[in-house]
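Please build the complete structure, drawing on both the sequences and the hints.
There are 2 protein chains.
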Amino acid sequence: MASTSSLALSQALLSRATSHHVSDNRVSLPTFSGLKPTTPRATASSSRRLAGRAPHRSLLPVIRATAAETIDATTEASLVEKSINTIRFLAIDAVEKAKSGHPGLPMGCAPMGHVLYDEVMRYNPKNPYWFNRDRFVLSAGHGCMLHYALLHLAGYDSVKEEDLKNFRQWESRTPGHPENFETPGIEVTTGPLGQGIANAVGLALAERHLAARFNQPDNEIVDHYTYVILGDGCQMEGISHEACSLAGHWGLGKLIALYDDNHISIDGDTDIAFTESVDQRFEALGWHVIWVKNGNTGYDEIHAAIKEAKTVKDKPTLIKVTTTIGFGSPNKANSYSVHGSALGEKEVGATRKNLGWPYEPFHVPDDVKSHWSRHTPEGAALEADWNAKFAEYEKKYPDEAAELRAIITGELPSGWEKALPTYTPESPADATRNLSQQCLNALASVVPGFLGGSADLASSNMTLLKTFGNFQKETPEERNLRFGVREHGMGAICNGIALHSPGLIPYNATFFVFTDYMRAAMRISALSEAGVIYVMTHDSIGLGEDGPTHQPIEHLASFRAMPNILMFRPADGNETAGAYKIAVSKRKRPSVLALSRQKLPQLPGTSVEGVEKGAYTISDNSSGNKPDAILIGTGSELEIAAKAADELRKEGKAVRVVSFVCWELFDEQSDAYKESVLPSDVSARVSIEAGTTFGWEKIVGSKGKAIGIDSFGASAPAGRLYKEFGITVDAVVGAAKELI
Amino acid sequence: MASTSSLALSQALLSRATSHHVSDNRVSLPTFSGLKPTTPRATASSSRRLAGRAPHRSLLPVIRATAAETIDATTEASLVEKSINTIRFLAIDAVEKAKSGHPGLPMGCAPMGHVLYDEVMRYNPKNPYWFNRDRFVLSAGHGCMLHYALLHLAGYDSVKEEDLKNFRQWESRTPGHPENFETPGIEVTTGPLGQGIANAVGLALAERHLAARFNQPDNEIVDHYTYVILGDGCQMEGISHEACSLAGHWGLGKLIALYDDNHISIDGDTDIAFTESVDQRFEALGWHVIWVKNGNTGYDEIHAAIKEAKTVKDKPTLIKVTTTIGFGSPNKANSYSVHGSALGEKEVGATRKNLGWPYEPFHVPDDVKSHWSRHTPEGAALEADWNAKFAEYEKKYPDEAAELRAIITGELPSGWEKALPTYTPESPADATRNLSQQCLNALASVVPGFLGGSADLASSNMTLLKTFGNFQKETPEERNLRFGVREHGMGAICNGIALHSPGLIPYNATFFVFTDYMRAAMRISALSEAGVIYVMTHDSIGLGEDGPTHQPIEHLASFRAMPNILMFRPADGNETAGAYKIAVSKRKRPSVLALSRQKLPQLPGTSVEGVEKGAYTISDNSSGNKPDAILIGTGSELEIAAKAADELRKEGKAVRVVSFVCWELFDEQSDAYKESVLPSDVSARVSIEAGTTFGWEKIVGSKGKAIGIDSFGASAPAGRLYKEFGITVDAVVGAAKELI
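Residue numbers (my numbering), protein chains in the order written: chain A, 1 to 740; chain B, 741 to 1480.
Hints were generated in silico from the structure; no laboratory data involved.
Just so you know, not all the hints are guaranteed correct.
[Said to hold, decoys possible] Facing chain A, a subset of chain B residues (Cβ under 8 Å, in silico):
hint	residue
1	ASN867
2	GLN909
3	HIS981
[What the hints assert, rightly or not] Straight line, CA to CA, 25 Å or less: simulated PhoX-like cross-link-like pairs of lysine-lysine:
hint	chain 1	residue 1	chain 2	residue 2
4	A	LYS698	B	LYS1414
5	A	LYS723	A	LYS643
6	B	LYS905	A	LYS723
We treat Cβ as the ideally placed atom computed from N, Cα and C, and that holds for glycine.
Here it is as structure tokens:
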């Protein structure tokens, strides 16, 4: 189903009347006199179209999926305009009722939204999770009323009229920024600028990868576009640069980004801080660039640009659409005042008058409703056709179909976890980053949707999948992703991959300290329930000579404080395997694995089952749950705790050693289990971790002692650093003796 | 002292023999046969130069500052080459001795380093802090042996031969990445990629601002360049895009960045992830772009490119210098294996042979030493001349001179803190973001080096300085910085500003949650002792409808865990003023101020002096330091704690209310003071903060109760959210009663 993208540009342009490059309305605002819903726009395109084409699209018979793009169908111009104004006023009214929100973007981008959801995109409103749907991301997430209005018109059950009326209210499905976990039809959580365009790169990557792996010459079972609307703010953010550079490098031809070029941001005209040539920059990044000069009323131009974009198969496309923020508001359009506040009753009235909108708030005119109503049967037909196609595919390519089905449903192959390696104390000492690589390769061999890579540190993070090649423009079926030195883009791209299909399990990697570069994307993994796996090596001063810029100190604490993310610090092979077992199974919760650069022994007592509890006893010579002391370690310091216990036991003490590999999982255990590991009567507790002690009071209690590092590290060989910073067996033994 | 930048391009090119665009050595490696130190390079340029110019520069008389650029002086080609190879081998030998480090960059960038430090830059090695020095930033910080070798040759006392031999060792002045606080001569801490180029934008901004404010037609007292070497990794990072877009927008003509275009990063050839056109992108960003195709031996071309760059006064310049990483190593050059590991004894030997280097490790040949020795007297002369110039300036412009002196020395005007506003409980309730703006404006009126701005949220963060205009290309004397939506670049630019001169005090602003976008830069503020002030508003669910993407939860904890940064959460006007008082006075420690969007009352008992202690009692009806309960709050929740205390007191309880405005400062108080605020006998402690409870066990103890939010927030009006999340007076009263 290659749809229209095989049309030559000339054909594409011919199939719909266009009037490219009409004068730019942005600088001198139009009088809007031509915008009355009953008056056809006085443009060459609408006149031509009205002269010879079909009337309301809703009068046409329901169109089969293969023709769902409806390129040749046209709709009376007045109805298009009416539909667009419906979108504008739904946004205006919802923001007004909430007395909070961002009306400017929806008013300016309504034409883009209309063209996408009414004319271009393939989706099934009654099944927002249909696998082969086109994806849409509103990267400028503050304009979410645009998206809610579109979902409402298109017939999504998630956004009914009462949802619009509950915009930004407690427990509504229309929160102040788009949240995929609240509102079916929203693909990803946006709002923090630049995240959405990077998510979209991930969504497009996922499509490209799956298409390359599963499509057959006679059956292109994976075939959708990814559309984005992004604004000036997204463009300024570094994350968008990272992701867009990769999209150009990878040649993601089915990624089509519409850039809302409205020249206004919160601080006023973008001229005060943003004067680069975006067009030229995207050309430099390897994108195809189109400029629609009149995004306010040039509906045909927007449509034609998207068609042109589809003809360019080896490059993503940026369509710069010049618009007026708050279009239609006579006194606030083209100013920052319309960006992030309700228009106010008076200006809402003036806008209604200006755009000739006689309706009550939240009203959808019948003809608009009727026009959009076709998307429900059309969408059902699209999905039914695709289901039939999948049935054929399954018949002819049963093995591939089984894999693809697993990726679509998220079902893991039975017994997948048995592929994970196991270790005994006799297994050779190794860095957990190396043990991690064994797990990654084991998982990739059994989990069909497992893929990932590093931000230019594959050989340090040990993240290469040895049986796969590199995902590249010419080899998109491969599974090693090469992100370059772009941590933030990497994280957000992985969010997009994870949210594309439940069975896609992306991992990514850098040095643990550089989570600081990608923290905003990691937080969105946690918030938006994207089960991304973060493989973070060089997790302490144990990395040695690279020094304090590279030595994480506060990072473990900073993730333990973040909701809905699992922070693992495995101590050896079994714990690393345990961490991966949980990370893979938690599809709505991201995991961070902090891994060592340096070799660590395989410790007696560690286990996958232990990791599942978050914290557990690895050795104990006490009885009756009454040890003299409890020594607690994580990761590379668990060995130190174990050695200290040996010392103390030689002196006749009853000592328990506890691995605290994942605080969040321990928090979720029963009180009885917690008491069995950390009996409340035992206050002689010593923790050791080569990082900040911040937060450890919770575990060791007011009378316990946390050994750690509360300053920055230093540049020196690792052994020296451990000694100088007091992360030693002696320190643990000494502290324990003071407490016993 | 406009130096050579007023030369026309043609003159600049004529003044030194050049051979632009010789064939690119990168693709097919040279045989190095022409590189023997005694053989003049077989290039047109060197032949021409040798034919008619002066011999060793060291034979020339010491040159006065006004001629210190020494454009017309030339040095025998063999000596240039020998100097460059000295740099290469100092790096090779130091990495080899440490068995750790990055030899590849210094080997490839030695020619750039030589041209900069021997031929172009103006500095005084015996006073690395001389105000008017040219700044140099090695953004690709892993190649720090390049910089150490240059500082060593140039005569800086911070890098003696023993320092080179102690590369990457405990307490050495030559750590594994450049640290400004360890090594005089290093301007900023780099290593995390992209930070350095952004710091350099800040350094160049500082120069442009100070020059615009203080230079007079007859006395250009501020006048230096900022040079950077950055690599492919820096180019890929989003932060560099943000900062470079701003540098282009601001037209920072005295920023000259040399891009080490070596096509190799850790994962191998950059082709696997980085195929954009960097040249075209920088042109799009408004930079002047020059390509030196042969960066390995094209010394004249590098010099000429810098001269050309100086003629372009309204744009920063990117000089793309195509080099071979590990140049000179016969078996490892042009491969990732030379990037981050010692060459190994065998390859060091082969490289010595290949480059004709007969010397022992760490040896600086006498003629090279002698050649570089002139920088000590020259540098002294430069500074002496400038001092004389400043004396003249001071005579003629005493007021301006006093301000400039304060900026140079960092001395604050006496009584500056009296400008900060004070409040009584009768003062109107207000959001701390508004109270913050009063402080910012008060400070800007008395502190000459106070300047800053927001990442496109000035009207939300309330950060505009009302008596100043915008720092822009045409108005660089102004103090409102407009960063656009570029948080990460903003933070790093402010680091550069702060480290330019002790008296420059930059602040920057965004929503508190978006510290996630700039955390890597904030960490470097803390590590590199840059006293940047972070004005972070919308600090909790109190922001309401924007929802969980915008509501910080874990952020307070994440900064409390970070070393050397002060995390303030003021509750009202007095506490906001107190936070600013400390933030301004701490010039080696950054401060973060978490401020409310919503109105807060001016509470009885709050004080500037209290803030200085970090935590203090604001009200207490107990006696003998034995309250029944201690209620602890921060920021907007201090009011809730105070109200809860009122309720409990009505019931006859003796209750203390403590403001915990800055944990770090409290940690630094005496035990006696701590005991006076939190008596160890009182275990009935309740804390309330609209953020994670993570870390609060330290304050409330094992028997206390921390009230907070350990999940993500939600989109709804703020009042509703406080109720739904249980951040209420009732919750505090209830918790306290359970404990009393």
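Okay, the hints, checked on the actual structure:
1. Annotation: interface hint on ASN867(B) violated; nearest CB of chain A at approximately 26 Å, more than 8 Å.
2. With its C-beta approaching chain A no nearer than about 6 Å, GLN909(B) sits inside the 8 Å limit, and its interface hint holds.
3. Because the closest C-beta pair between HIS981(B) and chain A is about 4 Å apart, less than 8 Å, the hint holds.
4. At roughly 20 Å between alpha-carbon atoms, LYS698(A) and LYS1414(B) fall within 25 Å of each other, so this suggested pair holds.
5. Our distance criterion of 25 Å between C-alpha atoms is met by LYS723(A) and LYS643(A), whose separation comes to about 15 Å.
6. Pair hint LYS905(B) plus LYS723(A) holds up; C-alpha atoms about 22 Å apart against a cutoff of 25 Å.
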